[in-house]
Structures are given as structure tokens and as C-alpha cells.
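Let chain D serve as the given structure and place chain E on it in line with the hints.
Read top to bottom, the protein sequences are chains D and E. Heads up: the first sequence runs through residues 1 to 329, numbered per our numbering. Heads up: the second sequence runs through residues 1001 to 1297, numbered per our numbering.
One or more hints might be untrue.
[Unchecked claim] A few chain E residues facing chain D, derived, Cβ under 7 Å:
(1) V1046
(2) A1061
(3) S1113
(4) L1140
(5) L1144
(6) P1202
(7) S1204
(8) I1209
(9) A1248
(10) L1251
(11) Y1286
[As the list claims (entries may be wrong)] From chain E, some residues computed to sit far from chain D (all C-beta separations above 10 Å):
(12) S1101
(13) A1108
(14) T1170
(15) R1189
(16) E1193
(17) V1197
(18) I1219
[Unchecked claim] What the simulated footprint calls covered on chain D by chain E, stretch by stretch (three residues with Cβ under 8 Å from a Cβ of chain E suffice, anywhere in the stretch; the number is not a length):
(19) 32-46
(20) 114-127
Read the hints as simulated data drawn from the structure, not as lab findings. The model shown is predicted, which means the values in this text are computed figures rather than measured ones. All C-beta atoms in this analysis are idealised placements derived from N, C-alpha and C, irrespective of residue type, glycine included.
As a plain string of letters, each chain reads:
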Amino acid sequence: MALAAETDRPPSPPPPTRAGRSRLTWSRTRRKALPYVLLLPAVCFELLVHIVPMLVGIWISFKQLTVFFIRNWSTAPNIGLGNYRFALNFHEAVGQSLLHSFYVTLGFTVLVVALSWLLGTGAAVLMQNPFRGRGALRTYFLVPYALPAYTATITWEFMFQRDHGAVNQIIVRDLHLTSHLPFWLIGGNSFAALVITAVWRTWPFAFLVVTAGMQSIPTDLYEAAAVDGAGVWQCIRKITLPSLRPVNQVLVLVLFLWNFNDFSTPFVLFGNVAPTQANLLSLQIYDTSFQTWNFGTGSAMSVLLLLFLLVVTAVYLLITNRGRRGADA
Amino acid sequence: MPDKPVTAAAAPAPRRRPTAPPRSFLWTRRICLTLLAAFTALPLYVMITSSLKPLVDVQAAFRWIPSRLTLSPYVDIWSTVPLAHYFENSAIVASSSTAISVVVAIFAAYAVSRYRFFGRQAFKVAVLSTQMFPGILFLLPLFLIFVNIGNATGIELSTTRLGLIVTYLTFTLPFSVWLLVGYLDSIPRELDEAAAVDGSGPISTLLRIVVPAARPGIITVAVYTFMTAWGEVLFASVMTNDASRTLAVGLRDYASENDVYWNQIMAASLVVSVPVVVGFLLLQRYLVAGLTAGSVK
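Just chain D, with the same shape it has in the complex:
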């Protein structure tokens, strides 16, 4: 190698002898090293913002890191699995609220993913055949997705106000569905408010992805089905949905992960402390860490959240891949 480097020095016409061959090996090594050089900045940043924080996070989840140690957190005492035991002790307040917010998050996620998928797929199917104004309508449906998350959510917060919100105007004063003005941002209704807001922001993405996925379905499939006398519904069930399966597998996973980790919707809708009925996990971890300044427990909760998501993703990928392989066979 050293020899190659030395002989490489004269840039004058490449000698066709042994020196030429070593020059070749040198350039081959350089070519081999090149991708790593190109990756170097990305890897450095990944280390800085992902790998190191993750290791630190796991490390502090074993520490009794409270507000007393915040200035010098490396000196916080080691408590082994104490934080995990504390977070998972469902007889105590912290463990109970963690378990509760886990259920709330699960319900929230399942509902939002299901509704967003239904609305998105429904709209995409209905808009599959061209009609006047289709392009404009497609663009328009994407506006909720383009809006910054907090401006959309803050508008919903305004609409859910009890006395001067648009939602109560519709259901109480316009439609007379109830006689009293319900609260939306506290109590049991807050869960519904959270789901509605999230669905409003999420379904356009499902629409977008399904629309794109449908463009790869060959039109002759539908024409052949029409010749065979298949109706609209049969076409959807026998052609559209099966063709969309790979797209849907990715879409559902992405929607699940997004909503399970959602922080901005409850945070903007309710402020620092959400009503218990709508307390999502991210907000719960945030509270534990930055409101009660219990970073050790907060980290333990984040690690548990990550483990849960990894397991769910792995199982999901395993199931869907097996299903796909089975369908191919």
C-alpha cells in the first residue's frame, strides 16, 4: 500500500509497467473508500443526534435523575432497574397513569389510523375516474396536510371552545342535538376532540398515498372486469384493494407510528397537562420529565415506548411479509 502511494505521486503519463499496476490498485482502494468518505458527514451527524443521545437515554434510564442532579447529571446515583419498576408499578400513581395513557394512546391510534385510512381510501376510490374539477379537488384535499401542525390544531382548539366555538354552534345552536353546551377540551369529550383533530390532519396523507398507489393499477384490469359484467363494488373488492395491498401495508405502519408518537396534537390542543381521558404517551413522558423533573423515569418510559414500537413493527412486518409470500406462492 505504501509503495502504491509512493508510486502514485508522479502525475505524469502513467507508466505501463509494474508502477502502473500499483497505481491501479491505489485507485481501486480509493474507489473502495469513496462511499465511506461520502457517508462520513452523515454518519457524524447521526452519531451526534441519534446514536449518542440514544445511548445516553438508555444510560440515564438507570439513574435516579431528578431535579437535584440536573446541573450535573452524570453524578446521579445508579438505581438499576428502579425507574422501570417505578414506571411499571401499576399499583402506584405513576405506573397507573402510564398504563392508562398507554390504553388511551392505543385507542387513539387505532381510531385515527382506521378513520384516516377509510376516508383516504374512500376518497381515492371515488376520485379514481376523471370528472370535472378532480385535479382542483385533489389539491384542495391536501391543504390540511400542508398546514403547519400547530396552526391547524390551534384552530380546532378555538372551534372546540365551549362558549364561542364553532363545534358547539353547529351541534347545539344549529342542529339542536343537545340543549346544554358540552365541554370539549376537558372531560370525556376531549378524547373525541383529539381524534377528530388528528383525523382531519392525517387522512389527506392516506388519500395521497392511496391515490399514488392506484395509478400503478393497469386500467385494462378494470376494462376486463367491466366486460365480465363486474359492478363498481366488485371492482373495488376484487381489483383495487388487492392491488393496493403492498401500499397499504406501508401506509398503515407509517400512520400507526406517527400517531402513536403524536405529541403536537394533544400538546397544542390541551396545553402542558392534558385531561386524563386524552393523555397520550408522549405527553405523559413529557410531563414526567419536564413538569415533575424526573428525567430518569421519563427516560425509562421512552425506552419502554421504543421497545414496544420495535416489537410491534417487527411482528407487523413478519405477518405482512408472510402474507405476501403466501399470496405469491
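Then chain E, alone, in the frame of chain D:
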């Protein structure tokens, strides 16, 4: 663009579209799409009309048709809270993290797209998986690391724009890499090979051939990354103070103990949203193509 009717050579295709949808389907379509359009419109309508109402009107029961319109919320938003300052913070943080991540991602994506090397798959998996990790997982440790760096060196990161830029890389970088790999994969290799035959080195091929060819993709990734950073709430709510507050957190300041200036909040929301929504709609075609290419693949 109407779908081209696929006409088999044998059949003369007497009707343009053999699958004329039944009437019931047309009505279902009309009703469903109208309802969806109304659902989509509701907050937009409320946002726009409320931003034009005087304070007393947004503090009363909601009215569909405003009794009077005023532009004063649009004037007052700038003085009630330092909105221009928040705007500046958001713009600097979002554009800096976008610029850093796109530049870094171009090199990484080129390597992943054009070379087969040991660790390539591992890198791809790492990038993809960090994209799905919850932000809160990185928030805490980064906050603590920043506090430590501040103690040791005096460089304050936990509440400054610089710190926020770094934390935003947690989501802008994997996202940019992922989308750009997709774009570069779609650029024909023959272009690079032709350049290589002409004696161009890999780096100059990247800068002179691949980057210009990928320009629409790069712009798309940049716009999309910027949008995500512009709308970020979690890091902004922890890693900022009065001086570095971004719009995501700053809009809360319109609520004082006595009054919530809903008309001004709506006006500010509109002002804050317009740049990104316009950008999105202008680039919609490319954004959608890039995004779906990344997520559908």
C-alpha cells in the same frame, strides 16, 4: 388529464369508456366528496373569517357570517407579541437545519445509490429506523447533553437557535437521506457513466452531473424538510426561551390571563401558514411524487 382509453386493436371500441359508472355511484360520489370537502373546509373557514373579526365578536357565540369585518387583527398581531421575532427564529432554524441536512444527505444518498459497499444495508436500515423513533426519545438526552456542554464550555445550546437546529436534524436528516436516495435511484446511471468515461472523477460527477439532474428532487426534499421543521412543536416547546422562541410555541402568547385574542391567533396562524401552504401547492406535483416514491417503495 383524462385517462387514455385503451383500445384493443381488434375491437373498434364504439364507446369511449366502457365502464360508465351507474347513477347511484355518481350520487354516492357527489355526496361523499361534498361532505369531505366541507369537513376539510370547516377549520379553514373558521380560521379565515375569525381572523377578520373584532375581538368582541370572537368572544361571543360563533357566527357563520361575520357581522363586521376588520383588518385590525392583522395589524395588531405584530405588536401584541413579538411575532416578527418568532418568525425570524422559525425561519433561521428551519432553513439552517434544512440546508445542513440536504447538503449532508446529497453525499450520503449518492454513496448509497451508486455504490455497493460493506455497511450499505446497515446504513439504510439505521436511517429508516431512526425516522420511526419517537422524538421524545431524543429530546431528553439531547437536552441533558446540551446542559452539560453548556456547563463545560459555556456554549449555551439548550435554549438557543443553534441547539434547536441541531435537534431538528434528528428528523430532517433521515428524512432527506431517505427521499434523496429515491431520487438519485431514478436518475439514469448512464449519465454518470458517460461523465466517468469523459474522465470526470466521482465527486465532480456528483456535483456537475448528478446534482443538476436531481435539482427538482433536491428542491422538493428541501421544501418538504423545511415544512416539517416549520411545523415542529416538541423540541421547540422545550429547547427555547423568550429569545429563541419559534412560531410553534409563540402563538400561545396571544393568550393572556384575562383574554385570549382568538382573532389575532387566527390571523397569525394564517400569516404563518401561507408561506408553506403556497410553497406546498406550487410544488405539489413534485412533492407528492417524491413523498409517495419514498413511502410506497
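Violating hint indices (sorted, rising) = 3, 7, 8, 11, 12, 13, 14
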